[in-house]
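Protein chains: 2
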Amino acid sequence: MSTATVDAARFPVWREQQQARVEQALSDWVSPTAPVNLGQAMRYAVLDGGKRLRPLLVLACSQAVAGCPAAALRAACAVELIHAYSLVHDDLPCMDNDVLRRGKPTVHVRYGQALALLAGDALQTLAFELLLPEDGSIEPSLALVLARLLARAAGADGMAGGQAQDLASVGVKLEQPALEAMHRRKTGALLQASVLMGAATATLSAATTARLADYGAHLGLAFQVVDDVLDVSADSATLGKTAGKDAADDKPTFVSLLGLAQAQAYAERLLDQAHAALQHSGLSQTDTLHALADWVGRRAH
Amino acid sequence: MSTATVDAARFPVWREQQQARVEQALSDWVSPTAPVNLGQAMRYAVLDGGKRLRPLLVLACSQAVAGCPAAALRAACAVELIHAYSLVHDDLPCMDNDVLRRGKPTVHVRYGQALALLAGDALQTLAFELLLPEDGSIEPSLALVLARLLARAAGADGMAGGQAQDLASVGVKLEQPALEAMHRRKTGALLQASVLMGAATATLSAATTARLADYGAHLGLAFQVVDDVLDVSADSATLGKTAGKDAADDKPTFVSLLGLAQAQAYAERLLDQAHAALQHSGLSQTDTLHALADWVGRRAH
Chain P
2 MSTATVDAAR FPVWREQQQA RVEQALSDWV SPTAPVNLGQ AMRYAVLDGG KRLRPLLVLA
62 CSQAVAGCPA AALRAACAVE LIHAYSLVHD DLPCMDNDVL RRGKPTVHVR YGQALALLAG
122 DALQTLAFEL LLPEDGSIEP SLALVLARLL ARAAGADGMA GGQAQDLASV GVKLEQPALE
182 AMHRRKTGAL LQASVLMGAA TATLSAATTA RLADYGAHLG LAFQVVDDVL DVSADSATLG
242 KTAGKDAADD KPTFVSLLGL AQAQAYAERL LDQAHAALQH SGLSQTDTLH ALADWVGRRA
302 H
Chain G
2 MSTATVDAAR FPVWREQQQA RVEQALSDWV SPTAPVNLGQ AMRYAVLDGG KRLRPLLVLA
62 CSQAVAGCPA AALRAACAVE LIHAYSLVHD DLPCMDNDVL RRGKPTVHVR YGQALALLAG
122 DALQTLAFEL LLPEDGSIEP SLALVLARLL ARAAGADGMA GGQAQDLASV GVKLEQPALE
182 AMHRRKTGAL LQASVLMGAA TATLSAATTA RLADYGAHLG LAFQVVDDVL DVSADSATLG
242 KTAGKDAADD KPTFVSLLGL AQAQAYAERL LDQAHAALQH SGLSQTDTLH ALADWVGRRA
302 H
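Those protein sequence lines, which keep their order, are chains P and G. For my numbering, count along the first sequence from 1 and bump the result up by 1. For my numbering, count along the second sequence from 1 and bump the result up by 1.
Just chain P, same shape as in the assembly (with noise of 0.2 Å):
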């Protein structure tokens, strides 16, 4: 495997191999000893889906600053577990109540809504666990580090704590720092925490460390700007999930908020932002970094 970052024609390519060898190693660690029910639905829940920019993000960042690719894929693996429990949870009745996910039925229409609710229970556990090898493979300082910044992004200071602001913002006018600080909890903090895991993998200066996280901030509202954006503009089938959810669920967005072209330059301008922080980062080796924030901005789901 490649350990260099590779420019924006070169990256098409990573993409696919870095995604080809998460799937891999998540199938792998997902969860072979669990009871057959619970196993089925964890599985179903993590493989053969998604765009894994989280573990995109660990990868790239951690080939950046020349980490230790071992701890990069768990890594990786872990934060795209917790972000997989969160949407196993987020699509029960009780909350989002979506029927698609990826194109296919969500876990509890699958699986039913209890299997779902542990499933997603027990992928949160095993993103803990895989950061905490009895094998050696992290280094224990680095495991730390690792699972207190997973904890402290997905916990309610961030994912978790932006989910409750949102339940709290249906049908409130919000205005944009409010918007923005739930956001930066909900999908904001995760997105960093990719970022700043990848960037734990080595030794960095305060300073590098600190422009990574601006890095990963802007990257992480733009995700969200984006998401607003293609809510309204794109179709249920090329999202893979249900679209119009959040103007049907009274919620506020971006597009509501700015409306969508000022939330497409909007999300143009974090773009900027994120790109400004990795040229003043010190590190030479930023191009998949570069080209991920470009994927973020252009995707079409």
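Warning: the hint list may mix true and false statements.
Calculated cross-link-like contacts (lysine to any residue; reagent style SDA-like; alpha-carbon spacing at most 20 Å) [unchecked claim]: (1) K52/G / Y267/P; (2) K174/G / N38/P; (3) K252/G / K252/P; (4) K52/G / D295/G; (5) K252/P / K174/G.
Rather than coming from a laboratory, the hints here were simulated on the basis of the structure.
On the provided structure of chain P, position chain G as indicated by the hints.
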């Protein structure tokens, strides 16, 4: 605070002191910076209730081995957070659909299903965060061991796996080995992990750790057998939850398998084995652990 173990006569005082310590620590740690709605639901789920059996096992075992008190208190709270999250999710309509827990309305009755789901999710994350402090209150290699023990006990090979086996067992006639295998995961893994986390706060011989693991396994299974006995012999007011649920849900129990008298006798035998394991542990300060086993056996709820 006392770190000596106590005999049976002083056990109730010790228990109340330690329960108060755990309550205070949980109140400090759950979850001051969370969004208001989520923080309220998390605190409601965790505070002011429960026997705190798992924390007491961690603390008693840590005191028996003269382990690090600060690490033990974090581990005690972490294991309670995992227990609390599992109760919140278990009580949801798609699982056990329980409206009463510890004599109060369950979390989803009080805060709605969506927030209950998120509160459970965030409590699980917080359990791992507690074990990964940046303040040096847990030595890094110990933090890693504690988080690993907790993850294994909580996930697909432990509690969540046992719950999935439980789901698959409704209306099924299980033989005793299958019933025990389910309960060793569903309730036993976390109870045993409580003992092992307490043990991990000091450096012990493999033989002593193995005997403590035996103690935890026997006590864990005894706890479940007593639970099944209480489900048919106590009323809802005493239990603080709905009595008679297992029979109503057509779930296999030790009572349905063995009959009431034989189930009671089996619990006694398991507790005898727990006591014997302590006697062979090579530890001299095991009075509190003995008293805890008796408490599990004689409890009324």
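- request: Output the numbers, in ascending order, of every earlier hint that fails for this structure.
  value: Of the numbered hints, 1, 3 and 5 do not hold.
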